[in-house]
Amino acid sequence: MTARDPEPLADAAPESLRAAQVDRLTRAWRAPSGWRYWTEVNNSDVGRWYTGAALIFLLFGGVLALLMRIQLAVPENDFLSADRYNQIFTMHGSVMMFLFAVPIFEAISVLVLPNMLGARDLPFPRLSAFGFWSFVIGGTFVCGSLFFDAAPRGGWFMYPPLTSNVYEPGVGPDIWLLGLSFIEIASIAAAVELIVGILKCRAPGMRINLIPLYCWYVLTVGVMIVFAFPPLIAGDLLLELERALHWPFFDARRGGDPLLWQHLFWIFGHPEVYIVFLPSVALVAMILPTFAQRPMAGYSWIVLAAIGTGFLSFGLWVHHMFTTGLPGVSLAIFSAASQAVAIPTAVQIFCFIATVLGARLTRSTPMLFVFGSLATFVIGGLTGVMVALVVFNAQAHDTYFVVAHLHSVLIGGALFPIVAGLYYFFPFASGKQLSERLGQIAFWFVFTGFNLTFLPMHLTGLKGMVRRVYTYPAGLGFEWLNLLSTVGAFILAAGLAIVVVDVVRTVRRRGHAPRNPWRAGTLEWLTEMPGQRWGLRSVPEVDSRYPLWDQPDIVRDVDEGRCYLPDAEEGRRETLVTSVIDATPIQCLRVNGPTTVTMWAAAFTGGAFIFSTFHWYAAALVSAMLAAATIVLWLWTGTATIPEKPEKDIGLGLTLPLYASGSASVGWWAMFIMMLGDMTAFISLVFGYFFFWTARPDFLAVVDGPGTGWPSVALVLALGSWVATVAARRANRREQDAAFHIACGAGAAFALASGVALLAAPAVTGMDPTLHVYPAIVWTLAIWTAAHLGLGAVMQIYCLARRVAGRLTPRYDIDIGNVTLYWHFVAITVAIAVAVMAGFPLLS
Amino acid sequence: MRSASDLPERRRYLVTLAAGPAIWTIHFFLSYLLPAVWCARVAGRPASLGAVHVTILVATVVALLLIAAIGWNGYQRHRHGGGAAPHDGDTAVDRHRFLGFATFLLAGLSGIATIAVAASVLAFAACRP
Chain A
-8 MTARDPEPLA
2 DAAPESLRAA
12 QVDRLTRAWR
22 APSGWRYWTE
32 VNNSDVGRWY
42 TGAALIFLLF
52 GGVLALLMRI
62 QLAVPENDFL
72 SADRYNQIFT
82 MHGSVMMFLF
92 AVPIFEAISV
102 LVLPNMLGAR
112 DLPFPRLSAF
122 GFWSFVIGGT
132 FVCGSLFFDA
142 APRGGWFMYP
152 PLTSNVYEPG
162 VGPDIWLLGL
172 SFIEIASIAA
182 AVELIVGILK
192 CRAPGMRINL
202 IPLYCWYVLT
212 VGVMIVFAFP
222 PLIAGDLLLE
232 LERALHWPFF
242 DARRGGDPLL
252 WQHLFWIFGH
262 PEVYIVFLPS
272 VALVAMILPT
282 FAQRPMAGYS
292 WIVLAAIGTG
302 FLSFGLWVHH
312 MFTTGLPGVS
322 LAIFSAASQA
332 VAIPTAVQIF
342 CFIATVLGAR
352 LTRSTPMLFV
362 FGSLATFVIG
372 GLTGVMVALV
382 VFNAQAHDTY
392 FVVAHLHSVL
402 IGGALFPIVA
412 GLYYFFPFAS
422 GKQLSERLGQ
432 IAFWFVFTGF
442 NLTFLPMHLT
452 GLKGMVRRVY
462 TYPAGLGFEW
472 LNLLSTVGAF
482 ILAAGLAIVV
492 VDVVRTVRRR
502 GHAPRNPWRA
512 GTLEWLTEMP
522 GQRWGLRSVP
532 EVDSRYPLWD
542 QPDIVRDVDE
552 GRCYLPDAEE
562 GRRETLVTSV
572 IDATPIQCLR
582 VNGPTTVTMW
592 AAAFTGGAFI
602 FSTFHWYAAA
612 LVSAMLAAAT
622 IVLWLWTGTA
632 TIPEKPEKDI
642 GLGLTLPLYA
652 SGSASVGWWA
662 MFIMMLGDMT
672 AFISLVFGYF
682 FFWTARPDFL
692 AVVDGPGTGW
702 PSVALVLALG
712 SWVATVAARR
722 ANRREQDAAF
732 HIACGAGAAF
742 ALASGVALLA
752 APAVTGMDPT
762 LHVYPAIVWT
772 LAIWTAAHLG
782 LGAVMQIYCL
792 ARRVAGRLTP
802 RYDIDIGNVT
812 LYWHFVAITV
822 AIAVAVMAGF
832 PLLS
Chain B
2 MRSASDLPER
12 RRYLVTLAAG
22 PAIWTIHFFL
32 SYLLPAVWCA
42 RVAGRPASLG
52 AVHVTILVAT
62 VVALLLIAAI
72 GWNGYQRHRH
82 GGGAAPHDGD
92 TAVDRHRFLG
102 FATFLLAGLS
112 GIATIAVAAS
122 VLAFAACRP
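If you read the protein sequences in the order shown, they are chains A and B.
Residue -8 is where the first sequence starts when you use my numbering, and the numbers rise one by one after that.
Residue 2 is where the second sequence starts when you use my numbering, and the numbers rise one by one after that.
Same shape as in the complex, but just chain B (with noise of 0.2 Å):
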C-alpha cells in the first residue's frame, strides 16, 4: 500500500465524480434534440426515424463506453490497497477510495439511465408513431 503522501489531494477527482452522470445529461440532451428538430425542421412527422437512431446508437455506444472507463477507474481507486467501504478513516488513502467508489456508483447509475433513454429513441420507428 502507498503511503499517504503519494494521494495528495486532486480536484480533479471531485470532478470525475460527476463526470459520468454528466455524459448522461450530453447523451440525453442529444437524445430528446436530434429527433425533435429532425422531426420538425428535417423529415417531417410521419418520417422515419433511421438516420437518427443511427447517430443515437453510436453517441451511446461512446457515451457507454466513456462511462465504463470512468467506472472503472473509480472502481480501481476504490479497491486501492485493498480497501473496503465505508472508508471512513481520516487517511487521504480512505479518502481516496471513497471518492473512487461514488465515482463508481454514479457511473453505473449514469449506465443504466443512458441505456433507458437510449433504448426509449431506438424503440419508436418514426417522429410520431
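For reference, chain A alone in the conformation it holds in the complex (with noise of 0.2 Å):
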C-alpha cells in the first residue's frame, strides 16, 4: 500500500449520474457509422482488424506452402516451372516473415495491451491506424506481384548478387524492397507505440514489479524492433541504389561486396527470430496461469529471459554465414554466443514446468496448443543447438535439415501459441468463446500434420537434399520422405481450416460467453461481454500482479465507477498517463478520434514507395510531397493541442495536467525512440563504409575522396543550427518572442546550407557514385545527413509557424522540445558522417 492509495474506496455516485456517465463515455469513445467506421483509431477496431488481416496473410502464405508440397511430393514433378516455385518459395518466406510473424505480434498487442494495462487506450491510436493502413497497401502489394508473374525470386533473405538487376532484370526485386521497407517503418512505428504505452501508460499502482509479463516481452522485442530493422532498412536502400541507379554496393568487380547485405540483413534477421518468438512465449506466460490458476513461478527469471535473450539475439547473426569464407575465430565467436542464448531459452521453458507441476489444469484448446508449442519448440531448440555447431552447419547447411529446424522454432515456438492465443483471446476480443470441441479436434490435426512435415525432413536433409530447388531425381531416397511431408502439410492445413470455420461460425453465432470465462487473473479480462469500446469502466488501482485475483471487489469498483476517470465530462477520449517505475499518475492524455488523415497519409506514402518499384520517379516524387503534406496536416490540427483548461479532476481526488512537455511527454519518448531507430539505420550506413574499408585493401585508394573543405563547412552550419534550436527553446521559455523566432529561421537558414555544403563535397570533387563503390557509400552518407538536415528545417519552420499561430506558447511548448531533441541526434548525425566521409581518409 502506498501513501496515495486511494482505498478505502468512496461509495459508487448515485444511478442517474452512472447512467450520464456511461452515455459521456459512449459518445466520445463512438466509432464512426456507414464507410467512416474505417476512419476509426480506436485500439481495439485497429488491432481487430490488424490481426485479421495477419491471419488473412498467414492464410495466403500457407496456401503457397501447400503448392511447393504438391510440387515435391514426387520426383520430376512439373506441377511448377522451376521459376514459379523460386517466387513461391520467395513469397512464401517473405509473406510469413514480414506479413504474419511481426505484424501479428504487433496486432495483438495493440488490441489487448490497453486493456491488460488498465489504459483506455495506447498513447498514439492514429499512428497505429496509419500503421496498420500502411500494413494492408504494402501487403498488397507485394502479394499481388504473384498474380502478375512479377514476384521476387531470390528467396525471402535476397540474397545479391542473385538479387542484382543482372541477375534479375524484372521488377520482383524492387517490390520485396521498396514494399516491405515501407512496411518495416510502420512496424517501427508500432514498437514505438508499445514501447511508450507500457512505460507510460499503466493503471495507478502498477509498478514494474506488478506489469504483466506479456509486457516484459513486448517491451524487450520494442526495443529490439527499434534496433533490428533499421540495418535491414540502409540494406533495402543501398540494394535499391544498385538496382535503380548502379551504385556497386554489392558488385565486386567495382569494390563492393555481397557479403555485406547479408551483414545487414541477418543484423536484423537473428534478432527477427525472437522478434516473432518473444511475443508468443508471452501469450504462453499469460495462458499458463490462467490454466493453472496460479501465478507465474519465477516472475524475475522470466524477466531475465526476455531481456536476456533480447540482448543475446543481437550477437547471433553471422550463425547463418558460416559457410561464407569468414576468419575462424569470427565463427567461434557466433557459435559461443548461440549456444549462450540457451541459456535464457531454457530459464522461461523451466519456469513454465515450474508453474504445471502440480497444479490442476484444466483440459482446454489453448492449453493443448500451448504443450504441442514447447514439445514442438524444445525439438527445434535442440536442433538450433546441433545448427549452431561451425562443423555441423557446414554439413547441413542450406538442406532441408535447416527447413526443418526453423520451422520447428517458428511453428512451435510462434504459431502454435499464436492459435492458443487466439482461443484464449477470442472472447476478450468478440465477446464469443470458440468451440472447445473443434479446437481439440484441430489441435490433433494440427500437431499430427506438424510432425508428419517437418520430422521427415531433418532426414531429407541429412541425405543430402537441398532447401529450395524446385524438384529432385529418383534414386536417391529422398521420393517417400517427401511423400510423407506433403501429406502432412495437407493434414496440418486441414487443421487451419478447422480453426478457420471454427471462428466464422462463431463470429455468426448469436449469444457472448460469461465475463471472465477462464478465470484470468490478469486486468484484461475486466471487459465486458462484448467489450465496451471505451475498455475499462472506470481505471482501478493496482496492487497486484494478478490484481483480479488477489483484489476481492475490483470488478464491482470499476464497474460502478469508482475508480478514476469515471467519465467523460468534455466528451474527449482521455487516458491516463503515470511514472515509468511505480506508475505514479502525471497527467490525464487527450488521444485523438477518428480521422481520414492517416489513411491518407499511408495511401501517398505507399504511392512515393510503389512509383518507385516501377521507376515512375515523378509520380513518386508527387506521392511523397503529399504525403508530406498529409503527415503535416496530421500533426497540426492532431497533436501538441493546447486544452482548454490546464488541469483536470480524474475523480478520487485527484487532479492531473492535461499537458505535459519535454520527457514528461509521450511524444518526447516517441522522438526519442523513433531517433535511436534512425541513428542505426545511420550507423548501419556507417559500419558499410568501414565495412569495405576491411574487405578491399584499395578502397580509398581508386578514387580521390570527398576534400575536407565542404565538409568542415557543413558541420560547423549544422552545429550552428543546432545551437539555434536550443536556443529557440529557451527563448520561447523566456517568452523572447523576437529572439525565437530569429533562432528559427536562422536554424532553418542553417540547416539547409549545411545540408548543400555536404552534398556539395562529392560533386566538387567529382566522386562518380556508379564508378566504384567507395563514391557511392560517401554519396549515400551525404544523402542521408543532408536529408535529416532538410527534415530538421521543416521542423525549425513547423514551429515558427506554431508559434505565429498560438499553438506554441511558452507554457505549451512541446513541439519545440522535440525538435530540440531530434536536433541534438541530427547533431550527433552530422558530426559523424563529417568525420567518416572527410576524417577517416586522413588517417589512412
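Just so you know, not all the hints are guaranteed correct.
As the list claims (entries may be wrong) - Simulated restraints on C-beta separations: (1) Leu352(A) to His54(B): 30 to 38 Å; (2) Arg581(A) to His54(B): 53 to 61 Å; (3) Phe30(B) to Val382(A): 19 to 27 Å; (4) Val55(B) to Gln386(A): 46 to 54 Å; (5) Leu58(B) to Gly43(A): 39 to 47 Å; (6) Leu58(B) to Val382(A): 21 to 29 Å.
No lab work stands behind these hints: they were computed from the structure.
By construction, the Cβ of each residue, glycine as well, lies at the ideal position given by its N, Cα and C atoms.
Fit chain to chain and form the complex, with the hints in mind.
Quick look at the structure:
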C-alpha cells in the first residue's frame, strides 16, 4: 500500500449520475457509422482489423506452402515451373515473416495491451491506424506481384548478386525492397507505440514489479525492433540504389561486396527470429497461470529470460553465414553466443514447467496448443544448438535439415502459441467463445500434420536434399520422405482450416461468453462481454500482479465507476499517463479520435514507395510530397493541442494536468525511440563504409575523396543550426518572441545550407557513385545526412509557424522540446558523417 | 528496514537493469571487430592473434569486473531489508528488490556469455587455424 492508495474507495455515485457518465463515455468513444467506420483509430478496432489482416496473410502464405509441397510430392514433378517455384518459395518466406509473424504480434498487442495495462487506449492511436493501413497497402502490393508473374525470386533473404539487376532484371526485387521497407517503417512505428504505452500508460499503482509478463516481453521486443529493423532498411536502401542507379555496393568488380548484404540482412534477421518468438512465449506466459490458477513461477527469472534473449539475439547473426569463409575466430564467437542464448530460453521453459507442476490444469484448447508448442519448440531448440556448431552447420547448411529446424522453432515457438492465444483471447476480442470440441480436433490435426511434415525433413536434409530446388531426381532416397511431408502438410492445413471454420461460425453465432470465462487474473479480463469501446468503465488502482485474483472487489469498483476517470465530461477520449517505475498518475492524456488523415498519409506514403518500384519517379515524388503535406496536417491539427483548461479532476480527489512537455510528454519518448532507430540505420551505413574498408585493401585508393573543405563548412553550419534550436527553446520559455523567431529562422537557413555544403563535397570533387563503391557509399552518407538536415529545417519552420499561430506558447511547448531532441540526434549524425567522410581518409 | 519514502522511483535503476547485457554487447562487438580488422587489414590471415589476445583479455577482465559490480549492487538491493523473491508486493521496497534481483540475474547471464565469447577468441592462435 502506498500513501497515495485511494482505498477504501468512496461509495458509488448515484444511479442517475452513473448512467450519464456511461452515456458520455459512449459518445466520446463511439465509432463513426457507414464507410466512415474505417476512419476509426481506437485500439480495439484497429487491433481486430490488424489481427484479421495478418491471419489472412498467414492463410495466403500457407497456400503457397501447399503449392510447394504438391510440387515436391514426387520426383521430377512438373506441377510448377522452376521460375514459378522460385517466386513461390520467396513469397512464402517473405509473407510469413514480414506480413504475418511480426504484424500479428503488433496486432495482438495493440488489441489487448491497453486493457491489460488498465489504459483506455495507447498513447498514439492514429499512429497505430497509420501502421495498419501501411501494412495493408504494402502487403497487398507485395503479394499481388505473384499474380502478375512479377514476384521476387531470390529467396526471402534476397542475397545479391542473385538479386542484382544483372541476374534478376524484372521488378520483383524492387517490389520486395520497397514494399517491405514501407512495412518495416510501419512496424517501427507500432513498436514505438507499444514501448511508450507500456512505460507510460499503465494503471495507477501498476509498479514495474507488478506489470503482466506479456508487457515485459513486448517491451523487450519493441526495443529489439527499434534496433533490428533499421539495418535492414539501410540494406534495402543500398540494394535499391544498386538496382535503380547502378551504385555498386554489392558488385565485386567495382569494389563492392555481396557479403555486406548478408551482414545487414542477418543483423536484422536473427533478432527477427526472436522478435517473432518472444511475443508468442509472452502469450504462453499469460495462458499458463490462468489454466494452472496460480501465479507464474519465477517472475524475475522470466524477465531475465526476455531481456537476456533480447540482447544475446543481436550476437548471433553470423551463424547464418558460417559457410561464407569468414575467419575461424569470428565463427567461434558467434557459435559461442548462439549456444549462450539457449540459457535464457531454457530458463523460461523451466519456469513454465514449474508453474504447471502439481497444478490441477483445466483441459482446454489453449493449453493443448501450449503443450504442443513447448514440445515442438524444445525439439527445434535442440536442433538449433546443433546448427550453432560450426562443423555440423557446414554439413547441414542449405539442406532440408535447416528447413526442419526453422519450422520447428517458428511453428512450435510462434504459430502454436498464436493459435493458443487466438482461442484464449477470442472472448476478449469478440465477446464469444470458440468451440472447445473443434479446437481440440484442430489441435490434433495441426500437431500430427506438423510432425509428419517436418520430422522426416531432418532426415531428408541429412540425406543431402538441398532447399529451394524445385524438384529432385528419383533414386536418391528422397521420395518417401517428401511424400510423407506433403501428406503431413495437408493434414496441418486441414487443422488450420478447422480453426478458420470455427472462427467464422462463432462470429456469426448469437449470444456471448460469460465474463472472464477462463477465470484469469489480469486486468484485460475486466472487460464486459462484449467489450465496451471505452475499455474499462473506470481505471482501478492496481496492487498485485493478478489483480482479479487478489483484489476482491475490483470488478464491482471498476463497474460502478468508483475508480479513476469514470467520466468523459468534455466528451474527449482520455487515458492516464503514469510514471515509468511506480506508475504514479502524472497526466490525463487526450487521445485522438477518428480521422481520414491516417489513411491518406498511408496511401501517399505507399504511393511514393510503389511508384518508385516501377521507376515512375515523378509520380513517386508527387506522392511523397502529398504524404509530407498530409503528415504535417495531421501533426498540426492533432498533436500538442493546447487544452481548454490546464488540469482536470480525474476522480478520487486527484487532479492532473492535461498537458505535459519535455521528457514528461509521451511525444518526447516517441521521438527519442524513433531517433534511436534512425541512428541505428545511419550507423549501419557507417558500418558499410568500414566494412568495405576492411574487405577491400584499395577501398580509398581508387578515386579521390570528398576533401575536408565542404564537409567542415557543413559541420559548422549544422552545429550552428543545432545551437539555434536550443536557443529557440530557451527564448520560448523566456517569452522572447523576436529571439525565438530569429533562432528558428536562422536555424532552418543554417540547416539547409549545411545540407547543400555536405552534398557539394562529393559533387565538386567529381566523385562518380557508379564508378566504384567508395564514392557510392560517401554519396549515400551525404544524402542521408542532408535529408535529415532538410527535415530538421522543416521542423524549425513548423515551430515558427506554430508559435505565430498561437499553438506553441511558453507554457505549452511540446513541439519545440521534441524538435530540440531531434536536433541533438542530427548534430551527432552530422558529426559522425563528417568524421567518416572527411576525417577517416586522412588517418589512413 | 527503511520506509517506502526512502526509495523514490529512479529511472537509473531501469537503466542499470540493462547495464550488464549492454557491457556484454560492447565486449562482444569488440571481440568480433578487433580480430576481424586485425586479420583483414593489419596482420593478414595466417598471422598470430597474440596482440589481439592481450587486448581482449584486458577488455574481458574489465567487463567482468563491471558486470560483477553491477551484479553485486543488484544483489544488495534484492536483499534489501532481508527480502526474498518473488518481490510481488505493492510497495516501493518490493519494487526496489525486484529491480535489484532482475539486475543481478541479468548480470549473471552477461558474465557467463562474456566468458564464453572471450574463451572462443582466446582458443584461436591465428586468424585461420
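Taking the hints in turn, this is what the structure says about them:
Checking the proposed 30 to 38 Å range against Leu352(A) and His54(B) shows it is violated: the Cβ atoms sit about 53 Å from each other. Taking the beta carbon of each, Arg581(A) and His54(B) are about 59 Å apart, inside 53 to 61 Å as hinted. Roughly 25 Å separates the CB atoms of Phe30(B) and Val382(A), a value that falls within the hinted 19 to 27 Å. A hinted range of 46 to 54 Å is violated for the C-beta pair Val55(B) and Gln386(A), which are about 35 Å apart.
Taking 39 to 47 Å as the suggested C-beta distance range, the pair Leu58(B) and Gly43(A) does not conform, at roughly 55 Å. Separation of Leu58(B) from Val382(A) is about 26 Å and conforms to the stated range, judged on CB atoms against 21 to 29 Å.
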